[in-house]
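Engineer: Sequence:
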Amino acid sequence: MSGTPEGPVHPEPAETHTAEPALTERHTGREEAELRDYRAAFRVARLAMALVDRDGVVVAANDSLGALLGTEAGALREQAAADLVDLASDGRTWHAYREVLRGRRSRFRCTRRLKHADGRSLWAEVTVAPVPGDRRVLLSIADISDRRELQARLRHLQMHDPVTRLPNRTLFFERLAAALEEPAAPREPHESYESYESYGYGRTGRIGLCYIDLDGFKAVNDTLGHRVGDRLLAAVAGRLTECADSDGYTRSGGHLVARLGGDEFAILVEDSTGTEQLTDLARSVLDALQEPFDLAGQRLSVSASIGVVERSGRGTTATALMQAADTTLYWAKADGKARWTLFDPERNAHRMTRQALSSTLRPAVEDGEFALEYQPLVDLADGAVRGVEALVRWHHPQFGPLPPNRFIGIAEEDGSIVELGRWILRTACRQARQWQKDHPRERPLFVSVNVAVRQVWDSDLVADVAGILAETGLAPHLLQLELTESAVMGSAGRPLQALQALSDMGVRIAIDDFGTGYSNLAYLSRLPVSVLKLDGSFVRGFQDEEHANAADELIVEALVRLAHRLGLTVTAECVETAGQASRLRRIGCDTGQGWLYSRAVTPERIAELIGTEPLPA
0 MSGTPEGPVH PEPAETHTAE PALTERHTGR EEAELRDYRA AFRVARLAMA
50 LVDRDGVVVA ANDSLGALLG TEAGALREQA AADLVDLASD GRTWHAYREV
100 LRGRRSRFRC TRRLKHADGR SLWAEVTVAP VPGDRRVLLS IADISDRREL
150 QARLRHLQMH DPVTRLPNRT LFFERLAAAL EEPAAPREPH ESYESYESYG
200 YGRTGRIGLC YIDLDGFKAV NDTLGHRVGD RLLAAVAGRL TECADSDGYT
250 RSGGHLVARL GGDEFAILVE DSTGTEQLTD LARSVLDALQ EPFDLAGQRL
300 SVSASIGVVE RSGRGTTATA LMQAADTTLY WAKADGKARW TLFDPERNAH
350 RMTRQALSST LRPAVEDGEF ALEYQPLVDL ADGAVRGVEA LVRWHHPQFG
400 PLPPNRFIGI AEEDGSIVEL GRWILRTACR QARQWQKDHP RERPLFVSVN
450 VAVRQVWDSD LVADVAGILA ETGLAPHLLQ LELTESAVMG SAGRPLQALQ
500 ALSDMGVRIA IDDFGTGYSN LAYLSRLPVS VLKLDGSFVR GFQDEEHANA
550 ADELIVEALV RLAHRLGLTV TAECVETAGQ ASRLRRIGCD TGQGWLYSRA
600 VTPERIAELI GTEPLPA
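Sequence positions in the sequence shown follow numbering that gives the first Met the number 0 and run 0 to 616.
Possibly wrong hints are sitting among the right ones.
[Stated by the list, open to error] Label-pair restraints from in silico Cβ distances:
hint, residue 1, residue 2, range
1, Arg152, Pro131, 36 to 44 angstroms
2, Arg104, Thr274, 24 to 32 angstroms
3, Arg560, Arg429, 52 to 60 angstroms
4, Pro131, Arg313, 48 to 56 angstroms
5, Asp325, Glu412, 55 to 63 angstroms
6, Asp334, Gly261, 15 to 23 angstroms
7, Gly578, Asp459, 40 to 48 angstroms
8, Gly90, Ala44, 26 to 34 angstroms
9, Trp594, Arg313, 47 to 55 angstroms
Treat the hints as calculated values from the structure; they're not laboratory data.
Predicted, not measured: the structure shown is a model, and the values here were computed from it.
Using N, Cα and C, we set each Cβ at its ideal position, and we do this for glycine too.
With the hints as constraints, model all of the structure from the sequences given.
Structural biologist: Set out below in structure tokens:
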């Protein structure tokens, strides 16, 4: 047998690479078909699109893009895509676009305001993304003008007051905050609802505000109803807008007039030219509002109080500006209403100091920040020191030594006068008793302590005095309590009962600053009073010896005689010259107090005066 195989000989299987040409042809055909479909879809798509090469040049644009921009699609070829859709107007957008062209970023999206060939504007959302498997990028533009218009309408409703149609509080503070920022390009142009100029300082770098509150508007609502009140507010808004628009200093766009709530309005003046502009505007507002309003048969008159603030925008915050405006409006109200008041830094500093004192007054008593000084009360007949008046001083850690007129009124308002008055009374009685112990052979000095009327109402003054006298060991007749004439005259009920109980206890009651209050002389005989202290205004009339005021002397002489007939002694305050002392002595006044003898001094200095020669008279 031969070695050849039996049967037919089968050829070797064909190599796989022999099928490659057929597969490639089929694949290429499919791609070309897909590409034709893609190009067809590109051409007929409703979404505006363009193919852009890596240099940023439009390779192809569809009809929708041509229609969006108002031109033929073919005319867009070979143009820079960035110019067509405004991608180079700000640095951030331009950088992102270039990154996509270079293949370093997958995609980005932005919003642009575009111009149609016929001149109208439209808002568009632009998306740039690479084409898969291609070096080119696809630019797609969606017209969002309707959405933007809806958003604008919704924003207007959200940012405007429905009664007056004015910008509301939210929009006002948004505009104010923007006006106080450093001028800078917006992050995206579409984010601005005003022009770029309105957001910066403009030419002057200053800002002004008229903060307006209607006087007595609540009475209109309460008597005529809210419907009439709303009509009045709308009419007021119209006049404020006219004033703002007619301001001779107004730049293009006018001032922002807003309703902040209730009957409060504001006129924001950006790029103000100074205080004169704001005060002129405030005057025009007052004049405009003083004209009567005719509202559906109702003729109404209204006035307003206006707080005016004008300052440099740099370094000012919205909070600080509004606080200043609110404070100034309060001043206008307090000064009588129907007026404008300009912000005064000194007055505001005084207010801030007052607030600081009020907030620290109560703990200051516990922290030992108060001290007493004493001013001698001198017998006019022989010059001997008979007593002393205790005067409180506050050694404030921030403001230094403060006299009583800086804080006693605050203490009376917030009620801390009760605790402070109790401390003064205890300290003065303890000191008077100590002088008595240190100088047992000398006639003891009485101590006179001022008492606020609120101490009578808000505390048990009788119990306090009794307890302190018992605690210190001071005899009741060595304590004198001074109350102002306005506090004592006309007293009834609890105050009168307290004064009577103190007098029955042996404590002397003095009327301070007599002659400046009610001067109800008929009532004087029924009060448990021991001493009248003549107000210093009477004594000052005695200073000019060459041109003496005869009327002052007659009045003082009559008061002294009346007091003596009622069994009262008389002390003259503010005795500064020997001539005054001589005339008071001649009239019959009992004791004197003033700089002729001594200013208020420390307890140690009073101790030196006890038992010494009489003070010069």
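Engineer: Does the Cβ pair Gly90, Ala44 satisfy 26 to 34 angstroms?
Structural biologist: 31 angstroms, holds
Engineer: Do the Cβ positions of Pro131 and Arg313 conform to the proposed distance bound of 48 to 56 angstroms?
Structural biologist: 52 angstroms, holds
Engineer: At the C-beta level, are Asp334 and Gly261 separated by a distance inside 15 to 23 angstroms?
Structural biologist: 21 angstroms, holds
Engineer: Taking the Cβ atom of Asp325 and the Cβ atom of Glu412, is their distance within the range 55 to 63 angstroms?
Structural biologist: 20 angstroms, violated
Engineer: Trp594 and Arg313, beta-carbon distance inside 47 to 55 angstroms?
Structural biologist: For Arg313 against Trp594, whose Cβ atoms are near 49 angstroms apart, the range 47 to 55 angstroms holds.
Engineer: Do Arg152 and Pro131 keep their Cβ atoms within the hinted range of 36 to 44 angstroms?
Structural biologist: 40 angstroms, holds
Engineer: Can you let me know if the beta-carbon spacing of Gly578 and Asp459 is within 40 to 48 angstroms?
Structural biologist: Check passed, 46 angstroms falls within 40 to 48 angstroms.
Engineer: Could one say that the CB atoms of Arg104 and Thr274 fall in the range 24 to 32 angstroms?
Structural biologist: 53 angstroms, violated
Engineer: Is it true that Arg560 and Arg429 lie within 52 to 60 angstroms of each other by Cβ?
Structural biologist: 38 angstroms, violated
Going through the hint list in order, the structure does not satisfy hints 2, 3 and 5.
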